[in-house]
Amino acid sequence: MAVKVVIPTPLRQYTEKRESVEIPARTVGEALAALTAQYADLRKHLFSSDGTLRSFVNVYVNDEDIRFLQKEQTPVTEKDIISIVPSIAGGLPLRCVCS
Amino acid sequence: MAIKLAPETFDAVRSHAAREYPNECCGVLLGRVEGGTREILEAVPLPNLRAAPGGGEDVLPLESPGLESERNRFLIDPRDQLRVEKDARARGLEVLGYYHSHPDHPARPSIYDRDHAWPWYAYIIVSVQRGEPQELACWVLAADRSRFEPEPVETVNR
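Order-wise, the sequence lines are chains A and B. Per numbering that gives the first Met the number 0, the first sequence starts with residue 0, numbered consecutively. Per numbering that gives the first Met the number 0, the second sequence starts with residue 0, numbered consecutively.
One chain only, chain B, in its complex shape:
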């Protein structure tokens, strides 16, 4: 399913990633599905729960305590998801996916990303090198969960 992204949404994701560097940023992508195309109309920045006191251990336990932090992990607070989704529905939008940054790392999903991914959602990853946002790529989990498949992103003016 092709992904369309407005230039201002593209810029919003990249600047959020730069702002949070060297930490990972995260947020939700809202929009509409039109035929076979997902049109992403808004990127809503959300706090990285791994940076909060307690690190979100009660929501999703860490796999390698001591090695994981907001520098290399992100976790979205499910209460934020509920709130954003409710607000989006009231405005006729739906959650099409999520975005996060890879500080000093390419915009390619890790095995950890894959293991935690859900089908159908569009996952946008933006690379940030030394604080400067770089390439952005979109990925969708394959039906058998074995890998992510790249999804071309088209930036369109609305």
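The shape of chain A in the complex, shown without the other chains:
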């Protein structure tokens, strides 16, 4: 049973330019582990050195953030789509905010 994982544009350079990858998995964690086993260079962009998902990486199953489901233990079926969504954030140097 394979689940579809959608890869965001900045990370497609690590997945042979593929927009999505079909991965046999029963949970989100299994899917991400298999994905990063297949594409090793992807690993450091998704996981910290301690093996946890980086805080800049959001993972959705269909329209739901896995933080509000069962995180990496969230079960998936072949009907589900896992999306890796990069956090887009920025701002000013804090020293400039003085008023």
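FYI, nobody ran anything at the bench for these hints, they're computed from the structure. Any given hint could be a false lead.
[Claimed, not checked] Here are the computed distance ranges between Cβ atoms for each label pair:
id	chain 1	residue 1	chain 2	residue 2	range
1	B	131	A	76	52 to 58 Å
2	B	64	A	67	19 to 25 Å
3	A	78	B	128	49 to 55 Å
All residues carry an ideal CB built from backbone N, CA and C; glycine is no exception.
Given the coordinates of chain A, work out where chain B should sit on it, guided by the hints.
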């Protein structure tokens, strides 16, 4: 990779930045990659999640609580990203990057911008001084993440 921007998109980004002043504005850049050129065809304004109740803490925790707000930070709701990207794909467009404003600050990326940037995306920054939009610049993260490299922006009529 050169960046082409239609004048109306250029104006849309600048006026969004002025409208949100003194807060930071943010949005997504949609378009097509043609050969070695990124052609930005649309700028879609999105709400700054740092201005919403809760400030998006659950999406990306603040690093210096008390010092960070919508005046000096922006964060895009990943649900907005999913929605815009899905809609763009259906229209044959893709997400080429993102834009945000620097209120009373030059259009140069901060270290915070760099630390939160992703490779490949075009990051447009527009400076707003006392409510008036000023220069606009485009930046792409270097492959080793050490710095942003400036990317020349060409405005072209379509």
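Checked hints:
no. : hint                      : verdict
1   : 131/B to 76/A: 52 to 58 Å : holds, 53 Å
2   : 64/B to 67/A: 19 to 25 Å  : holds, 22 Å
3   : 78/A to 128/B: 49 to 55 Å : holds, 51 Å
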